[in-house]
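Following the hints, position chain C against chain A.
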Amino acid sequence: MAALVFVTLALAWYAATATGLIRPLFLPSPGQVLNRLSDLWQSGQLRADVSVSVYRITLGFVISTIFALPIGVLIGCYRVWEAAIEPLVDFVRYMPVVAFVPLTILWTGTGDAQKFLIIFIGTFFQQVLLVMDNVRSVPRDFINLGRTLEMPDRRILRRIVIPSAMPAIWDSMRISLGWAWTWLVVAELVAATSGLGYRITTAQRFFQTDLIFGYLLLLGILGLATDQGMKFLGRRFFRYLEVHR
Amino acid sequence: MALRGFDLSVGENEFVALVGTSGCGKSTLLSIAAGLETYDEGSIAVDGEPVTRPGLDRGVVFQSYTLLPWLTTIGNVEFALRAAGTRRRDTEDIARDHLALVGLDAFAEAYPAELSGGMKQRVAIARALSYRPKILLMDEPFGALDALTRHHMQELLTAVWEKHRLTVLFVTHDVEEAVYLSDRVAVMTNSPGRVKSLIEIGLSRPRRYELVSTPEFQALQARVLHEIRSESIAIAALGTALS
Numbered sequence: 001m002a003a004l005v006f007v008t009l010a011l012a013w014y015a016a017t018a019t020g021l022i023r024p025l026f027l028p029s030p031g032q033v034l035n036r037l038s039d040l041w042q043s044g045q046l047r048a049d050v051s052v053s054v055y056r057i058t059l060g061f062v063i064s065t066i067f068a069l070p071i072g073v074l075i076g077c078y079r080v081w082e083a084a085i086e087p088l089v090d091f092v093r094y095m096p097v098v099a100f101v102p103l104t105i106l107w108t109g110t111g112d113a114q115k116f117l118i119i120f121i122g123t124f125f126q127q128v129l130l131v132m133d134n135v136r137s138v139p140r141d142f143i144n145l146g147r148t149l150e151m152p153d154r155r156i157l158r159r160i161v162i163p164s165a166m167p168a169i170w171d172s173m174r175i176s177l178g179w180a181w182t183w184l185v186v187a188e189l190v191a192a193t194s195g196l197g198y199r200i201t202t203a204q205r206f207f208q209t210d211l212i213f214g215y216l217l218l219l220g221i222l223g224l225a226t227d228q229g230m231k232f233l234g235r236r237f238f239r240y241l242e243v244h245r
Numbered sequence: 246m247a248l249r250g251f252d253l254s255v256g257e258n259e260f261v262a263l264v265g266t267s268g269c270g271k272s273t274l275l276s277i278a279a280g281l282e283t284y285d286e287g288s289i290a291v292d293g294e295p296v297t298r299p300g301l302d303r304g305v306v307f308q309s310y311t312l313l314p315w316l317t318t319i320g321n322v323e324f325a326l327r328a329a330g331t332r333r334r335d336t337e338d339i340a341r342d343h344l345a346l347v348g349l350d351a352f353a354e355a356y357p358a359e360l361s362g363g364m365k366q367r368v369a370i371a372r373a374l375s376y377r378p379k380i381l382l383m384d385e386p387f388g389a390l391d392a393l394t395r396h397h398m399q400e401l402l403t404a405v406w407e408k409h410r411l412t413v414l415f416v417t418h419d420v421e422e423a424v425y426l427s428d429r430v431a432v433m434t435n436s437p438g439r440v441k442s443l444i445e446i447g448l449s450r451p452r453r454y455e456l457v458s459t460p461e462f463q464a465l466q467a468r469v470l471h472e473i474r475s476e477s478i479a480i481a482a483l484g485t486a487l488s
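If you read the sequences in order, they're chains A and C. Per the numbering used here, the very first residue in the first sequence carries number 1; after that it's consecutive. Per the numbering used here, the very first residue in the second sequence carries number 246; after that it's consecutive.
Rather than coming from a laboratory, the hints here were simulated on the basis of the structure. Keep in mind the model is a prediction, meaning the values are calculated, not measured. Do not take every clue at face value.
Covered stretches of chain C, going by a simulated chain A footprint (3 or more residues, C-beta under 8 angstroms) [as the list claims (entries may be wrong)]:
{"hint": "1", "segment": "298 to 305"}
{"hint": "2", "segment": "320 to 333"}
{"hint": "3", "segment": "350 to 361"}
Residues from chain C that keep clear of chain A, each with C-beta distances beyond 10 angstroms, as calculated [stated by the list, open to error]:
{"hint": "4", "residue": "250"}
{"hint": "5", "residue": "258"}
{"hint": "6", "residue": "273"}
{"hint": "7", "residue": "292"}
{"hint": "8", "residue": "444"}
Partial list, derived from the structure: chain A residues whose beta carbon lies under 10 angstroms from chain C [claimed, not checked]:
{"hint": "9", "residue": "140"}
{"hint": "10", "residue": "141"}
{"hint": "11", "residue": "142"}
{"hint": "12", "residue": "148"}
{"hint": "13", "residue": "149"}
{"hint": "14", "residue": "151"}
{"hint": "15", "residue": "164"}
{"hint": "16", "residue": "167"}
{"hint": "17", "residue": "243"}
Yeah, the Cβ is synthetic: ideal placement off N, Cα and C, and Gly gets one too.
If we strip away everything but chain A, and leave its shape as in the complex, we get (with noise of 0.2 angstroms):
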């Protein structure tokens, strides 16, 4: 089904501009848009750009989920910790992440560090909301559970709210590296010399048209494809979730 609908627009695009119907400045036909990412393919600068990118995405990523899983974990079990810090971190969550870009240029120059950043300041905070929900949604009952067997608040922590929240947060650190790409095209936007957002930048600067929408529809890939990785992966070690009978 859904490869019917890719299809269909792939097919309407391809009528589109078949037919002359919009000038190619404003949307190149699917062919121009194949040329130009195979040329770039060959020349290794798609490979380059591609793989730069990916590195910062998952470097930034990483730092990001590092931090916030304790912290998430923390202020969605404890009480003291959810007031000290949640107000904090939804105060800032609301802050546009593309109002820090200038700022963070300020602090960390242009180079990777600066990418860094801006993936965390995007990430870090829904990361930490998502993970600290997905702990408060740990049944009472199994924390009852611990309880009554006379287990120390650490051990239920570690026995038993952490394995049982762990695929909700699996799915929470998915949710949110769907949006950690937004952010690093974003900074690569603005201010790299580098990267697929760069190359985006340098496209419009001369009017290729069928670069960026090559680009864009890359990104798109990439996104999908890291999208249905961990949703295999969470498949993987979540698979006592499944019904087999």
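Same frame as chain A, now just chain C:
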């Protein structure tokens, strides 16, 4: 205030059911007995020891399914045994014995997602019994099951209990269930909850399900029902008087 002037003693190895309309505080009472909920006044004790927090001397079977989904059936029982400090090399055997007790030894390696609601509760019972608590506290454990499964579970629980006696406090709003399972039925009044009457169930053991159609059973059931009904009628009358 959910409970006031509540007084009930449960004898050793006695099976007592606590019945009452919903909202009468019977589940609250069970939580307090389990040590999961705090109370302002009064006292509650097990063998003279006041209850201040949850403990391994009281096993709890919750109404909601509480099998940990990432552990197998046997893993769930072993989880409790390990928490209770059982020696590692003994946990598997003890867990298997208790699964056999509830007739689920064949499902030892299954995950909870693969089990029916009734099976999950059977594992939960096996888990609560496995570490040998003095008292088993059961909070409408069969409340979420369909009628047929529920009957099945009642038979199973009776059989298990008749074999391995222990003190049970069983909360339910199902009168038939209460009469079938218990030695005594405590009928609770509505807000604030207290014990209105205690009914001795003198039915002989072992009990089989055919028992429910005998006149003695029906008479007892009618008596309990009458106690509950007169309570709810009184409330309804009070309601009309006030309006």
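Status of each hint after checking the structure:
For the segment 298 to 305 of chain C, the stated coverage by chain A holds: 7 residues have a C-beta nearer than 8 angstroms to a C-beta of that chain, and at least 3 were required. Proximity of the segment 320 to 333 of chain C to chain A, defined as three or more residues with a beta carbon under 8 angstroms from a beta carbon of that chain, is established by the 4 residues found. Closer than 8 angstroms: that is the beta-carbon criterion, and the segment 350 to 361 of chain C has 4 residues meeting it against chain A, so the requirement of 3 holds. Distance check for residue 250 of chain C against chain A: the nearest CB is about 26 angstroms away, which clears 10 angstroms, and the non-interface claim stands.
Distance to chain A confirms residue 258 of chain C as a non-interface residue, since its nearest Cβ pair spans about 20 angstroms, more than 10 angstroms. Every Cβ of chain A is farther than 10 angstroms from the Cβ of residue 273 of chain C; the closest lies at roughly 14 angstroms, confirming the non-interface assignment. With a least CB separation of 17 angstroms from chain A, residue 292 of chain C remains clear of the 10 angstroms interface cut-off, as annotated. No beta-carbon of chain A comes within 10 angstroms of the beta-carbon of residue 444 of chain C; the shortest separation is about 29 angstroms.
At a threshold of 10 angstroms, the smallest CB-CB gap from residue 140 of chain A to chain C is about 8 angstroms, leaving the interface hint in force. For residue 141 of chain A, the interface hint holds, the least distance from its beta-carbon to any beta-carbon of chain C being 5 angstroms, beneath 10 angstroms. Because the beta carbon of residue 142 of chain A sits about 6 angstroms from the nearest beta carbon in chain C, less than 10 angstroms, this interface hint is met. Of the supplied interface hints, the one on residue 148 of chain A holds, with its beta-carbon coming within about 5 angstroms of a beta-carbon of chain C, less than 10 angstroms.
Here the hint on residue 149 of chain A is kept, as its CB sits about 4 angstroms from the closest CB of chain C, short of 10 angstroms. Interface hint status for residue 151 of chain A: upheld, as the beta-carbon distance to the closest one in chain C is roughly 5 angstroms, under 10 angstroms. For residue 164 of chain A, the interface hint holds, the least distance from its beta-carbon to any beta-carbon of chain C being 7 angstroms, beneath 10 angstroms. Of the supplied interface hints, the one on residue 167 of chain A holds, with its beta-carbon coming within about 9 angstroms of a beta-carbon of chain C, less than 10 angstroms.
Annotation: interface hint on residue 243 of chain A holds; nearest CB of chain C at approximately 5 angstroms, less than 10 angstroms.
The earlier numbered hints are all upheld by this structure, with none contradicted.
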